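Student: Chain by chain, the residues:
There are 2 protein chains.
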Amino acid sequence: MTVKIDTVMQTRCFGGTQGVYRHDSAATRCGMRFAVYLPPQARQSRVPVLYWLSGLTCTEENFIIKSGAQRKAAEWGIAIITPDTSPRGLNLPGENESYDFGAGAGFYLDATQAPWSGHYNMYTYITDELFSLAAAHFPIDSSRAGIFGHSMGGHGALTIAVKNPGQYHSVSAFAPICSAMRCPWGIKALGGYLGQHQEAWKEYDAATLIESRGWKNSPILIDQGTEDTYLHTQLQPQFLQEVCARAGVELELRMQDGYDHSYYFIASFMDDHLKFHAKYLMSK
Amino acid sequence: MTVKIDTVMQTRCFGGTQGVYRHDSAATRCGMRFAVYLPPQARQSRVPVLYWLSGLTCTEENFIIKSGAQRKAAEWGIAIITPDTSPRGLNLPGENESYDFGAGAGFYLDATQAPWSGHYNMYTYITDELFSLAAAHFPIDSSRAGIFGHSMGGHGALTIAVKNPGQYHSVSAFAPICSAMRCPWGIKALGGYLGQHQEAWKEYDAATLIESRGWKNSPILIDQGTEDTYLHTQLQPQFLQEVCARAGVELELRMQDGYDHSYYFIASFMDDHLKFHAKYLMSK
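Line by line, the protein sequences give chains P and E. So for the first sequence, numbering that gives the first Met the number 0 puts the first residue at 0; every next one is plus one. So for the second sequence, numbering that gives the first Met the number 0 puts the first residue at 0; every next one is plus one.
Extracted from the complex, chain P is given alone in its bound form (with noise of 0.2 Å):
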């Protein structure tokens, strides 16, 4: 099956490429935009990828403009894909009326309850259709690739490296949610898109996840600055850190002095980041 893809922006960036893009979605079944980045390498042959995640509010772009990624991905010859935060413009009732739930806020899984169901599937979206039509559409080596993310995509990368270990084999975060089950982000996005169940949600919480499937792909790389608004009451990294602990995950947790939760936080170790999935990518 051939997919149109129409080409939304694409412009020189430290050698390479930046574009957006968008296409229709079979698993959102609405558009969708996702940017792309392309270093200088990718015109030779094809690149590792590392899939961007980001959180609550964000689109494609804030990434590509805000997190100055791209110098070193160009220099290490990485390709980085990042997607929108959920499905857009389809105009649910409650679709856009909060910043936590909804348009913005799609937390990374597929919903089973009305009337995100059949639309709000951001998890088979990336981990299936995007992954798909990434591969066959740009020159990236799919069998290189890691995740990482911010917040609330944060966890959505660990969720779906950990659910996907054959997939994604380093894995990455900015200040992530540690546990959605256990706080109230991620509680009213859980029961509005999956309903009140526990049991399903723990197929969607990161640190339930990883002591239930473990991970041996990489360490766990997590920055979280200490001054961040969020960090005691919604990411709570204590939860990450008993269950690593627990289940022998080799977890690098590194308190930052003075940094909140913004892109400025991102912007000052993503080149960490990027050296650290390079490590993993580079050597397989």
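One thing to keep in mind: the hints can contain errors.
Claimed, not checked - Derived lysine to any residue pairs resembling SDA-like cross-links, with alpha carbons at most 25 Å apart:
#1 E/Lys65 x P/Met8
#2 P/Lys278 x P/Ser142
#3 P/Lys274 x E/Asp271
#4 P/Lys274 x E/Ile64
#5 E/Lys215 x E/Phe130
#6 P/Lys274 x E/Glu74
#7 P/Lys274 x P/Asn216
#8 E/Lys71 x P/Arg253
#9 P/Lys65 x E/Gln40
#10 E/Lys215 x E/Glu226
#11 P/Lys215 x P/Ile186
#12 E/Lys71 x P/Asn216
#13 P/Lys71 x E/Pro114
#14 P/Lys71 x E/Lys71
#15 E/Lys201 x E/Pro114
#16 P/Lys65 x E/Thr10
#17 P/Lys71 x E/Asp256
#18 E/Lys65 x P/Met180
What the hints assert, rightly or not - Selected chain P positions facing chain E (Cβ under 10 Å, derived; list incomplete):
#19 Val7
#20 Arg11
#21 Thr16
#22 Ala73
Stated by the list, open to error - Partner residues aside, some chain P positions facing chain E, computed with beta carbon under 7 Å:
#23 Met8
#24 Thr10
#25 Lys65
#26 Pro92
#27 Asn95
#28 Asp259
#29 Tyr263
#30 Phe268
Derived by calculation from the structure, the hints in this document are not laboratory data. Being a predicted model, the structure only gives us computed values, none of them experimental. Built from N, CA and C at the ideal position, the CB exists for glycine as well.
With chain P held as given, fit chain E onto it using these hints.
Tutor: Frame of chain P; chain E shown alone:
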């Protein structure tokens, strides 16, 4: 006279501090915002300072979220101050009607024509008021100052440097307007702010000023993308080449293959510009 400065935002970034501030300006007779990046070295001693002048439609925010400049500024110990591009919120007739005149388009000059005069005095604001205020309130060494900018702001940086060689010791630009008098953006702005007597325009035209006054403090470093939509119609670097050759001013004009007018272009060559300025400011 003590000026009150309000902190709009302050956050840790690459070990230093990115802030946005607001004050009541005497030069523009309205509230003005500006951004300051202080590198970690500023906690120990006063650091050299670079002023960044933005292009049409920008505020103080574009540079600080998109340029990626903080990384090398932190490494090399340089402060970067980013003013807004015009007065705001005065509700002058026509102020908000076009992207290239009025709000967001101050052109770094002192207006003489009603209703702009008395407010649209960005030349005095940058060279006098903000320069003094920054020296008084932040740990910067104003005897080691440079200036750079983009598009309208690149033109502003060139004119301001050339007219104040005792104050700015290095100058560079990304895709600058090279002669405001000879491009549609500039003709509209100079006519609107200064009236139709072209003698007055020469005081704010980069090519004219470089030819009449020269510039010996540093070479002039210019990066210009070959795929920039505005290259032939508005920016016209050949005017700069001509006057620099005639006036004996050293110009390094680098045509960058495939790049456009965006911050993706700016970010790609930001490190080179910071290195250029560091060389001149650090040796003072």
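Student: For each hint, tell me whether it holds in the structure or not.
Tutor: Cross-check of the supplied hints:
1. E/Lys65 x P/Met8: Between E/Lys65 and P/Met8 the Cα gap is close to 17 Å, so the pair holds against 25 Å.
2. P/Lys278 x P/Ser142: With a Cα-Cα distance of about 15 Å, the restraint between P/Lys278 and P/Ser142 holds, given a limit of 25 Å.
3. P/Lys274 x E/Asp271: With Cα atoms ~22 Å apart, P/Lys274 and E/Asp271 stay inside 25 Å; holds.
4. P/Lys274 x E/Ile64: OK: P/Lys274 and E/Ile64 at ~22 Å, within 25 Å.
5. E/Lys215 x E/Phe130: 21 Å, holds
6. P/Lys274 x E/Glu74: 18 Å, holds
7. P/Lys274 x P/Asn216: 16 Å, holds
8. E/Lys71 x P/Arg253: 22 Å, holds
9. P/Lys65 x E/Gln40: Holds, at about 24 Å.
10. E/Lys215 x E/Glu226: 31 Å, violated
11. P/Lys215 x P/Ile186: 28 Å, violated
12. E/Lys71 x P/Asn216: Since the Cα atoms of E/Lys71 and P/Asn216 sit roughly 33 Å apart, the hinted pair is violated (cutoff 25 Å).
13. P/Lys71 x E/Pro114: 48 Å, violated
14. P/Lys71 x E/Lys71: 14 Å, holds
15. E/Lys201 x E/Pro114: 21 Å, holds
16. P/Lys65 x E/Thr10: 15 Å, holds
17. P/Lys71 x E/Asp256: Holds, at about 20 Å.
18. E/Lys65 x P/Met180: 35 Å, violated
19. Val7: 14 Å, violated
20. Arg11: With Cβ-Cβ at 4 Å, under 10 Å, it holds.
21. Thr16: With Cβ-Cβ at 9 Å, under 10 Å, it holds.
22. Ala73: 9 Å, holds
23. Met8: Where the cut-off is 7 Å and the nearest Cβ of chain E is about 9 Å from P/Met8, the hint is violated.
24. Thr10: At 5 Å from the nearest chain E Cβ, P/Thr10 passes the 7 Å test, so the hint holds.
25. Lys65: Hint on P/Lys65: holds, closest Cβ of chain E at ~5 Å, below 7 Å.
26. Pro92: With Cβ-Cβ at 34 Å, over 7 Å, it is violated.
27. Asn95: 24 Å, violated
28. Asp259: OK, holds: P/Asp259 within 7 Å of chain E, min 5 Å.
29. Tyr263: This hint holds: P/Tyr263 lies near chain E, its Cβ roughly 4 Å from the closest one there, short of 7 Å.
30. Phe268: This interface hint is violated because 9 Å lies over the 7 Å limit.
The structure is inconsistent with the numbered hints 10, 11, 12, 13, 18, 19, 23, 26, 27, 30, although it conforms to all the rest.
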